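J.: Line by line, the protein sequences give chains A, B, C and D.
Take 2 as the starting number for the first sequence in the working numbering and just add one per residue.
Take 2 as the starting number for the second sequence in the working numbering and just add one per residue.
Take 2 as the starting number for the third sequence in the working numbering and just add one per residue.
Take 2 as the starting number for the fourth sequence in the working numbering and just add one per residue.
These are calculated hints, taken from the structure and not from any lab test.
This structure is a prediction, so every number in the text was calculated from the model and none was measured.
A couple of the hints might just be wrong.
Note that identical chains are pooled: a pair holds if it fits in a single copy or bridges any two copies.
What the hints assert, rightly or not - When the alpha-carbon atoms are kept at most 20 Å apart in a straight line, the in silico EDC-like pairs for lysine to aspartate or glutamate are as follows:
no., residue 1, residue 2
1, Lys318, Asp128
2, Lys154, Glu186
3, Lys345, Glu269
4, Lys44, Glu277
5, Lys44, Asp55
6, Lys27, Glu304
7, Lys44, Glu317
8, Lys318, Glu298
9, Lys301, Asp188
10, Lys345, Glu296
11, Lys119, Glu156
12, Lys345, Glu299
13, Lys27, Glu332
14, Lys27, Glu333
15, Lys301, Asp128
Number of protein chains: 4
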Amino acid sequence: MLSFENDYAEGAHPKILQAFLETNLKQQPGYGEDDYCRSAREKIRAACKCPDADIFFLMGGTQTNLVVLDGLLSGTEGVVAVETGHVSAHEAGAIEYTGHKVLTLPAHDGKMDAGELKAMLRAFYADPTQTHMVYPGAVYISHPTEFGTLYAKAELEALHETCAEYRIPLFLDGARLGYGLMSLETDVTLPDIAALCDAFSIGGTKVGALCGEAAVFPRHGAPRRFFTHVKQHGALAAKGRLLGVQFDTLFTDNLYFEISRRAIDMAETLKQGFRERGYPFYIDSPTNQQFVILENEEMKNLEHNVRFSFWCRYDEKHSVVRFAASWATTEEMIGRLMGLLSRKKQENPKKVEEEE
Amino acid sequence: MLSFENDYAEGAHPKILQAFLETNLKQQPGYGEDDYCRSAREKIRAACKCPDADIFFLMGGTQTNLVVLDGLLSGTEGVVAVETGHVSAHEAGAIEYTGHKVLTLPAHDGKMDAGELKAMLRAFYADPTQTHMVYPGAVYISHPTEFGTLYAKAELEALHETCAEYRIPLFLDGARLGYGLMSLETDVTLPDIAALCDAFSIGGTKVGALCGEAAVFPRHGAPRRFFTHVKQHGALAAKGRLLGVQFDTLFTDNLYFEISRRAIDMAETLKQGFRERGYPFYIDSPTNQQFVILENEEMKNLEHNVRFSFWCRYDEKHSVVRFAASWATTEEMIGRLMGLLSRKKQENPKKVEEEE
Amino acid sequence: MLSFENDYAEGAHPKILQAFLETNLKQQPGYGEDDYCRSAREKIRAACKCPDADIFFLMGGTQTNLVVLDGLLSGTEGVVAVETGHVSAHEAGAIEYTGHKVLTLPAHDGKMDAGELKAMLRAFYADPTQTHMVYPGAVYISHPTEFGTLYAKAELEALHETCAEYRIPLFLDGARLGYGLMSLETDVTLPDIAALCDAFSIGGTKVGALCGEAAVFPRHGAPRRFFTHVKQHGALAAKGRLLGVQFDTLFTDNLYFEISRRAIDMAETLKQGFRERGYPFYIDSPTNQQFVILENEEMKNLEHNVRFSFWCRYDEKHSVVRFAASWATTEEMIGRLMGLLSRKKQENPKKVEEEE
Amino acid sequence: MLSFENDYAEGAHPKILQAFLETNLKQQPGYGEDDYCRSAREKIRAACKCPDADIFFLMGGTQTNLVVLDGLLSGTEGVVAVETGHVSAHEAGAIEYTGHKVLTLPAHDGKMDAGELKAMLRAFYADPTQTHMVYPGAVYISHPTEFGTLYAKAELEALHETCAEYRIPLFLDGARLGYGLMSLETDVTLPDIAALCDAFSIGGTKVGALCGEAAVFPRHGAPRRFFTHVKQHGALAAKGRLLGVQFDTLFTDNLYFEISRRAIDMAETLKQGFRERGYPFYIDSPTNQQFVILENEEMKNLEHNVRFSFWCRYDEKHSVVRFAASWATTEEMIGRLMGLLSRKKQENPKKVEEEE
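If we strip away everything but chain A, and leave its shape as in the complex, we get (with noise of 0.2 Å):
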């Protein structure tokens, strides 16, 4: 079977084997203390040109959210995020389990408004009864978010300038970081978000690697006795080296950002495939998932022979439905994937408009 289903269906990049293969038998200490983890360690240091960054490797995306932000948060405070956000809706309540409430703002396409975010502190500290609510503690945004979409770089400098001004950490999770920097329409690089961001996640686990992810803390500021706050929230690993090889190859040779521009060309083409097929977009996303519109009655044909991801209700008769790429993704996969579509590729598509 097909799938486009997601960007964590295939097991590792091949020279991340490769990798685990040629260490396998060097003897390491454990926690995070290997070779491979200080060597990945220097290597994002330099890719973020951050030479103070603390950094720490994690298994996934949801224990490296709720660690990271129990971590940033105190007792009194929550975070604030898009009601989209994934600390919001898909983590079963793992922030609020950590004691702290995620206070939301809407969503616009995904995405946190700075000016929304000012309005919404400034309302909060101009409130009288404040003492008597949550405070916000630190502000939660994905990159790219939950609907593939992106922030422009003013746009982060826009959110960094309102949190710098309220002093509280901006926190972006990058769980699929490398889509984002591989775009071919984001004017944000990584060093523009270690500048911009006081913590960020570099995912792993869906771009490229068995598992993994990186909590970086760009200018030392990884909150006090952290290691420690990580093995009390079952977040250590015993074998650290699981994620330091990882990271580390990924952090060779550009591996990280030549597997997510792999994924965008793959999704470019994708969205070329569906456009010129005449499919309508429900969002225009300019990373690795794409969300087209389907007629119900073809998603269903579809699925016995592809797998995707069902996103949500279009209308009576149409759904929304997401196709993901990864490294793995080959150009014959995609054209399987368009001889199965009942629209076809239009030769004169612009004479054929013209018609209509």
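Keeping the supplied structure of chain A fixed, place chains B, C and D upon it in accordance with the hints.
T.: Showing chains B, C and D alone in chain A's frame:
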């Protein structure tokens, strides 16, 4: 540097890496629904003789303890463990972080005494002020213990009976379970454990895997909505195949037991070597960890060439150190270690002893 | 200074103080086992027509909400409430502190719509990714709401039916319950509430007591070991008599209802006074809190002589302010307030209206 | 029935009820901003000789312990207490509920030994695996202890020095503080406690109030946003005057100390009565709780006419029981108790002893 520091100093058993290579491009669903997790569950059910077991694959040992115990315990309950139990002492308060007290009993070479457990439970329920106290809601034991010791089957049966009498679940932390099962001095089998415990873990990380523990509820007893509970605790792997492939391999052709047996053989060789040289042991460990008493001076000298774990101070002049064997330990390594010891093998030890 | 700031500005109803004096030297056991708590429970059971009700006396409103909801919810569950519900907005994250998410619905004059609740629950259980989300585990409503509004009996029945259909408990926060029951515009009685809710509170603090809320589980439904749960949350009064004496007095000779009725009468007088003077209302409140729209300038002038609550900004030139009546409000106080208003009573309002 | 069961069997000291009557109709703001709370804070600051103290009024003892300690401790920290400390044993896991471990030391007549504390802290910081463990983040002691015993000033100084050396706050649970301060055998004053502790409570519930504890941070040291923290834990009283009036009364004209002294006098009379009759004591308590060893048969007979607390089994034939005195205990009550005892007063006890 020669290392006997622990049993997780290397990567994974080669067969596991081989399995990663072979399965890498097969597209699979996430979150434990992949073919490898399914297959691994079936093989573990067969090995445990528990066709109805609920099995979840988690990332690490502390995580497994906290996720399982927080699932088994209700809000007003704590877990009973011995003072040296991993959950009591070495998990950075992970159990308390989930809101539960660890109620302690004395440790006897790392083990809980069923009679003492029974006395504690009887005293608790006889206490008219019990409603002002934490209810004992589960019992935690480790097997092998933190001291490498093992419960005899009769001891496990006694703990099982006491737990059954008071209707509280018995949870066995099997982070190093394989070494317990393959010990030359045990009468406990995996089906015994499945029959006598209400929940237990089968450790992968310290028995040849890169990561991973299987949480087993032998008689369909997983806490309600355990999947969501796992997610909420940040313990759900998106690429569940990472764990599925490893456990499927470990439970194919008895690899888990072979790995464990190999480590036991090496540990026995270590033990014999130290014994022949007249070194005293702190505890008579029948598993892969050996606790030897060294003179402080020799310990310091040895540290230049060998990695091992300082365990505790023995007296003014002596320390207890731990030497751990794993699947990757070789006779050659042991030979080199023996060559570095100050006490030398005596040709006719019996004769010498007579002379003393 | 004249105060209509809230309904807890005075001490306790004189009959309660009298009861403290009369019972003061009678030695009693602690922790809710005293004669007064027992008697109060019986009287509340009778008033609710629930002979099997489990009743616990707690100290305050936020405490009651968090203790009851944390008892009703299991680990993976959250509570559904409207956005303006007290647990959503004004309890400093107390619910999240216990590990549970507040899942919000829109508020309609402070009320939850049963249809919207049903749609939310239906959508949740129809969502194949529900296992990655917080389960709706209880429904929270307040009656009167934070806006002084009331559910009609039919509305409560609809909520009850939806909760029953999805087998989740309905919890009614009755911090100001008396004012709801004694409103001139309600068709809901205390036995109705007991019949339609799975748990509810009867507020004392804001209805004439010094402190105290009764948490009622009408059909023996207190969560297991609720006494210990209360203790664990720091909510158990050693001198339970403090609460017992108060509730025993409140439920003797209908005092609770008399106190409430008195406040309603005063609120109606307030309402009539504002209405006669042509002041518009923000919400048509049938209970003891009246929400009046004032010009900002008048609001500021009034603040020199009267205490009231600023509620929210209405527009550039107007604000919404709350005037609350209690058992201690007098007609004389209202007369003085009316004398301070800038708009004056019109001799023949009807005539004037005709002229307009 | 005659009761010496505890020191909270009656209501409040009559002067407190009188103060409720006198202040009842004075309108006041809520949440601790009333005139009485302000006045009480000033009087307590004066009594402690701490003009900068932050003072919060809470409802009960367990609540105060959990709210203060959860405020003082950071996420990876636990509190050090003796095994018999109230937070260790009798608070239903309230501390663990807030996520913190209670790290225990042996109790010596209910007291912590500064040398043992120092040894524990030294060992912790010397342990290279400390980052895998719970950090000692505060020290909890009770004064009087759960056994009615008292720290000498030198003992408090030693604890203070050790805490200061390791920079962790010392918290003193003064649920029965008055009895400690008025003991005939103490050299510790309230200003001493304020000087030597970083936080402490002044118990009202067990010293003549209906409820209430004052949490004192003597040198402006309240944890950040402590008001909101209190609210979040459900510990904020809407009618703060309930607590303000009581503490204002208790700290007017030395009432708190008079109440305490009265109980000490009665306890001394009790002690003398038992001693003269030859009853042995379990502990030599200098405060208002006396621990007497009774034959089981006499204990059972006495139970028909007197309420007291069974403390623990002494041996086959004897039990330890607790008799508590309070402000409401009278000489007449003690006389009646003595009349019920089986051993009678001996005219010439010394002579008799000589004969033995």
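J.: When no copy is named, should lysine 27 and glutamate 304 be tagged within, between, both, or neither for a Cα gap of at most 20 Å?
T.: between (46 Å within a copy, 18 Å between copies)
J.: At most 20 Å between CA atoms: does that hold for lysine 345 and glutamate 296 within a copy, between copies, both, or neither?
T.: Only inside one copy: lysine 345 and glutamate 296 sit 15 Å apart there, 65 Å across copies, limit 20 Å.
J.: Could you place lysine 44 and glutamate 317 in one of the four classes (within, between, both, neither) given a Cα distance threshold of 20 Å?
T.: Result: close neither inside a copy nor across copies, 51 Å intra and 45 Å inter.
J.: Given a CA cutoff of 20 Å, do lysine 301 and aspartate 128 count as a within-copy pair, a between-copy pair, both, or neither?
T.: Between copies only: 17 Å across chains, 51 Å inside a chain, cut-off 20 Å.
J.: As a check of your reading, is lysine 301 near aspartate 188 (CA-CA no more than 20 Å) within one copy, between copies, both or neither?
T.: neither (38 Å within a copy, 50 Å between copies)
J.: Is it within, between, both or neither when you check lysine 44 against glutamate 277 at 20 Å Cα-Cα?
T.: neither (41 Å within a copy, 48 Å between copies)
J.: Cα distance capped at 20 Å. Does lysine 44 pair with aspartate 55 within a copy, between copies, both, or neither?
T.: Cα proximity of lysine 44 and aspartate 55: one copy only (12 Å, versus 42 Å across).
J.: How do lysine 119 and glutamate 156 come out at 20 Å by Cα distance, when the copy is not named: within, between, both, or neither?
T.: So lysine 119 and glutamate 156 pass the 20 Å test inside one copy only (13 Å; across, 38 Å).
J.: Evaluate lysine 345 and glutamate 269 at a C-alpha cut-off of 20 Å and name the case that applies: within, between, both or neither.
T.: within (18 Å within a copy, 70 Å between copies)
J.: Regarding lysine 27 and glutamate 333, is the shortest C-alpha distance of 20 Å or less found within a copy, between copies, in both, or in neither?
T.: Answer is between: at 16 Å across copies they meet the 20 Å cutoff, but 39 Å inside does not.
J.: Using 20 Å as the alpha carbon limit, work out where lysine 318 and glutamate 298 are close: within a copy, between copies, both or neither.
T.: within (8 Å within a copy, 55 Å between copies)
J.: How do lysine 27 and glutamate 332 come out at 20 Å by Cα distance, when the copy is not named: within, between, both, or neither?
T.: between (38 Å within a copy, 17 Å between copies)
Going through the hint list in order, the structure does not satisfy hints 4, 7, 9.
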